[in-house]
Amino acid sequence: MSEALAPAAIVVTTAPMLELAGVTHVFDVSRPWLQRTLAREPRRTLRAVDDLSFSIPRGTTLSLVGESGCGKSTVARLSVGLMEPARGTIRFEGEPLSTARAQPALRRRMNMIFQDPYASLNPRWRVRDIVAEPIRTFGLAHGSAVQERVDALLTQVGLAPQDGEKFPHAFSGGQRQRVSIARALSSAPEFLVCDEPTSALDVSVQAQILNLMKDLQQRLGLTYLFISHNLAVVRHMSDQLGVMYLGRIVEMGPADAIFAAPRHPYTRLLLDALPDLAHPGRSRTSVGGEVPNPIRPPSGCTFHPRCKLANARCRAERPEQIAAEGVLVACHAIEEGRAS
Amino acid sequence: MRESQATESLPLLQGEGGGRGPDPTGSAGVSPPPSPLPQGEGENRRARTRLAAMLDSDFLWKFSRSPLAIAAALVALVLTVGAVFAPWLAPHDPMDVASLSLMDSFKPPIGMEDADWANPLGTDNQGRDVLSAIMYGMRISLAVGILSVLFALVVGILVGLAAGYAGGVLDATLMRVADVQLTFPAILTALLVDGVVGAALPHDLRDGLQIYVIIFAIGVSLWPSFARTVRGSTLVERNKDYVAAARVIGVKPWRIMLNHVLPNVIGPVLVIGTLGLGLAILAEATLSFLGVGLPPTQPSLGTLIRFGNDFLFSGQWWVSLFPGIALILMVLAINLLGDWLRDALNPRLR
Chain A
1 MSEALAPAAI VVTTAPMLEL AGVTHVFDVS RPWLQRTLAR EPRRTLRAVD DLSFSIPRGT
61 TLSLVGESGC GKSTVARLSV GLMEPARGTI RFEGEPLSTA RAQPALRRRM NMIFQDPYAS
121 LNPRWRVRDI VAEPIRTFGL AHGSAVQERV DALLTQVGLA PQDGEKFPHA FSGGQRQRVS
181 IARALSSAPE FLVCDEPTSA LDVSVQAQIL NLMKDLQQRL GLTYLFISHN LAVVRHMSDQ
241 LGVMYLGRIV EMGPADAIFA APRHPYTRLL LDALPDLAHP GRSRTSVGGE VPNPIRPPSG
301 CTFHPRCKLA NARCRAERPE QIAAEGVLVA CHAIEEGRAS
Chain B
1 MRESQATESL PLLQGEGGGR GPDPTGSAGV SPPPSPLPQG EGENRRARTR LAAMLDSDFL
61 WKFSRSPLAI AAALVALVLT VGAVFAPWLA PHDPMDVASL SLMDSFKPPI GMEDADWANP
121 LGTDNQGRDV LSAIMYGMRI SLAVGILSVL FALVVGILVG LAAGYAGGVL DATLMRVADV
181 QLTFPAILTA LLVDGVVGAA LPHDLRDGLQ IYVIIFAIGV SLWPSFARTV RGSTLVERNK
241 DYVAAARVIG VKPWRIMLNH VLPNVIGPVL VIGTLGLGLA ILAEATLSFL GVGLPPTQPS
301 LGTLIRFGND FLFSGQWWVS LFPGIALILM VLAINLLGDW LRDALNPRLR
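Sequence order for the protein chains is A and B.
Numbering of the first sequence is given in our numbering, commencing with residue 1 and proceeding in unit increments.
Numbering of the second sequence is given in our numbering, commencing with residue 1 and proceeding in unit increments.
Among the hints, erroneous ones may be present.
If you want the footprint, here are the derived chain A segments under chain B, 3+ residues with CB under 8 Å [stated by the list, open to error]:
hint : stretch
1    : 101 to 111
2    : 114 to 128
In silico EDC-like cross-links for lysine to aspartate or glutamate, where the CA-CA straight-line distance does not exceed 20 Å [as the list claims (entries may be wrong)]:
hint : chain 1 : residue 1 : chain 2 : residue 2
3    : B       : 252       : A       : 196
4    : A       : 166       : A       : 151
5    : B       : 252       : B       : 171
6    : B       : 240       : A       : 239
7    : B       : 62        : B       : 343
8    : A       : 308       : A       : 335
9    : A       : 308       : A       : 67
10   : B       : 252       : A       : 84
11   : A       : 166       : A       : 148
12   : A       : 214       : A       : 190
13   : B       : 240       : A       : 84
14   : B       : 240       : B       : 171
15   : A       : 166       : A       : 190
16   : A       : 308       : A       : 325
17   : A       : 214       : A       : 239
18   : A       : 308       : A       : 290
19   : B       : 240       : A       : 335
20   : A       : 166       : B       : 58
21   : B       : 240       : A       : 148
22   : A       : 214       : A       : 256
23   : B       : 62        : B       : 339
It is worth saying that the hints were derived from the structure and are not from the lab.
Note that beta-carbon positions come from the ideal geometry of N, C-alpha and C, so glycine has one too.
Please put together the full structure from these sequences, using the hints given.
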């Protein structure tokens, strides 16, 4: 396929922006070969993402929430091709991700915003060079036009063009995240993966960044894959919501529906643990117990050690996703009607 | 520069003078003059702030507060200037056979009987001025030291970046090679390389190429320390998100290594480079002292010490002692500077 024709052909497709089907990613966490052999240990693997499927329609936001270590960030990295899935397929604009990433015209349309604004900007580069890197890499502008674009982008994210002269250490966390967003936008992408973009920021700054991101989505028609552990943030941003637990999606559907009527016991626990402005002082049930070790996940439904509704079947058999009023839930208790 | 000014001011002009469109000559004649001025001023200001930032840096402030570093820098500077400008500064040309007179041989240094100011540090067995010989010898010692460190630096950085960034089998292979080499003392490696390469070269080329053989031999013995340092820092840097951000947009690995990772790992390398310079000069002097270094036609400090060694016990101690002192001063100054640099660049000691 010629590259000149590719963008036009893709714009007319109605395929979802990003589609994951049965994606599994396994990390090898074994000790080095020699030590392993001496201690007669088997290879140890960690299934960070297990049989994950979802699709993100153009112009919408899909959020993934879950506790630390549930595989959210791995999904983010898989989605932009920083890692290869062990099994399953990822399609971007209807094309397999590796094929899409081999074409600069398609690769340009995806970008990523990172969690830690202190590590995601090269400390030795001036901000204008950081923001200009995607422009130069894709050859989107040349000569002084690069500087103009950088100035426009910095203005767009609420920084001054003169800030481009500075190094990242001259900025606060929130300002750095703005620089990060400016860089992500500089290749004029249509799909942005946001890996906990606000978790390193103060609450007041979080709101600014989230509003900026929503505003940009409306103006530029962006599609977001939004990773967060903060349900309040997710509520603000999402069209669709997926709740992850130990690498699997336990509940997924329209965000409004899930927030209005959470079904899965884990989702309920998460929502119940949220502070509520309407009922301050309400005694909140905390999510009891620890996230199990993902190297040796529990049998059956991986949530059963922490679930009040768990019975023998939950401990033995892994629940499949079932559709319930537009929401997909993986829970035996709901299937059997035990959860009221 | 001028082109960019013109294009940058273009949208401004269009915005302001929309009505003047039909009259291109008028707008072209009127508008360009004002634009270079603020632009030039901006450039000036930028350059000035950069200079001010440099003078204002922690680094210089710390330097001005460290008498040892200043003293070391002064000694190194004086010796380097004396070496670099030896043909203009030295009182005699020790290589010029015509100017030598055996009548002048073994003149003692100032402070002893029969000394005179024409040869402040005395002369050797052939009437060569020791001070001039030291200046010329330092020149060769410094050149060999700097070039061999540069060689080791380039090899070490490339190997370290590749090993740290690629990881896996490449990393393991390169680092085991470095480990094996580190088990041999540097001087032994240099002796080995020097012997093998020297034997491989045809006899008539040997003297002319000997300096490069020495540079190569010392460089080979030094690269593992650079490679290990760079690899260690690269392992840390390559997992940072700014590298991931570059990978997402498809920047080529070698560009990421050179543009993103290298600037962030170069600090410790410069420290090791400075310390390595002292080592390299010493290694060269040792090789030359042992007689496997530079040929007598290119006497370095080590060669001078070896020559002088023959007269050490017959009373002409100055022929050997003064080159030795010059060598000690140079290496000590460089090492002190390197030590200071290591502390100054260490964020934990701030």
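Evaluated hints:
1. Against chain B, the stretch 101 to 111 of chain A contributes 6 residues with a C-beta closer than 8 Å to a partner C-beta. That satisfies the three-residue criterion, and the hint holds.
2. Proximity of the stretch 114 to 128 of chain A to chain B, defined as three or more residues with a beta carbon under 8 Å from a beta carbon of that chain, is established by the 10 residues found.
3. Between the alpha carbons of residue 252/B and residue 196/A the distance comes to roughly 26 Å, so the proposed pair goes past 20 Å and is violated.
4. A distance of roughly 13 Å separates the Cα atoms of residue 166/A and residue 151/A; the hinted pair therefore holds under the 20 Å criterion.
5. Distance check on the hinted pair: residue 252/B and residue 171/B sit about 19 Å apart at the alpha-carbon level, within 20 Å; holds.
6. Between the alpha carbons of residue 240/B and residue 239/A the distance comes to roughly 31 Å, so the proposed pair goes past 20 Å and is violated.
7. With a C-alpha separation of about 10 Å, the suggested pair residue 62/B and residue 343/B falls inside the 20 Å cut-off, and the hint holds.
8. Between residue 308/A and residue 335/A, the direct Cα distance comes to roughly 16 Å. Compliance with the 20 Å bound is thereby established for this hinted pair.
9. Annotation: proposed proximity of residue 308/A to residue 67/A holds, straight-line Cα distance about 18 Å (limit 20 Å).
10. A C-alpha spacing of about 18 Å is found between residue 252/B and residue 84/A, which places the hinted pair at or below 20 Å, so the restraint holds.
11. Of the pairs offered as hints, the one joining residue 166/A and residue 148/A holds, with about 17 Å between alpha carbons and a cut-off of 20 Å not exceeded.
12. Between residue 214/A and residue 190/A the alpha-carbon distance is near 14 Å, which keeps this suggested pair within the 20 Å criterion.
13. Using a Cα cut-off of 20 Å, the hinted pair residue 240/B and residue 84/A holds, with the two alpha carbons roughly 18 Å apart.
14. For the suggested pair residue 240/B and residue 171/B, the alpha carbons sit about 19 Å apart, so the restraint of at most 20 Å is met.
15. For the proposed pair residue 166/A and residue 190/A, the alpha carbon gap of about 28 Å is over 20 Å, so the pair is violated.
16. Of the pairs offered as hints, the one joining residue 308/A and residue 325/A is violated, with about 24 Å between alpha carbons and a cut-off of 20 Å exceeded.
17. A C-alpha spacing of about 12 Å is found between residue 214/A and residue 239/A, which places the hinted pair at or below 20 Å, so the restraint holds.
18. For the proposed pair residue 308/A and residue 290/A, the alpha carbon gap of about 14 Å is at most 20 Å, so the pair holds.
19. Restraint check for residue 240/B and residue 335/A: the C-alpha separation of about 43 Å exceeds 20 Å, so the hint is violated.
20. Taking the CA atoms of residue 166/A and residue 58/B, the gap is near 17 Å; set against the 20 Å cutoff, the hint holds.
21. Under the criterion of a C-alpha separation no larger than 20 Å, the hint pairing residue 240/B with residue 148/A is inconsistent with the structure, at around 29 Å.
22. Restraint check: the Cα-Cα separation between residue 214/A and residue 256/A comes to about 17 Å, which is no more than 20 Å; the hinted pair holds.
23. This hinted pair checks out: residue 62/B and residue 339/B have alpha carbons roughly 13 Å apart, not beyond 20 Å.
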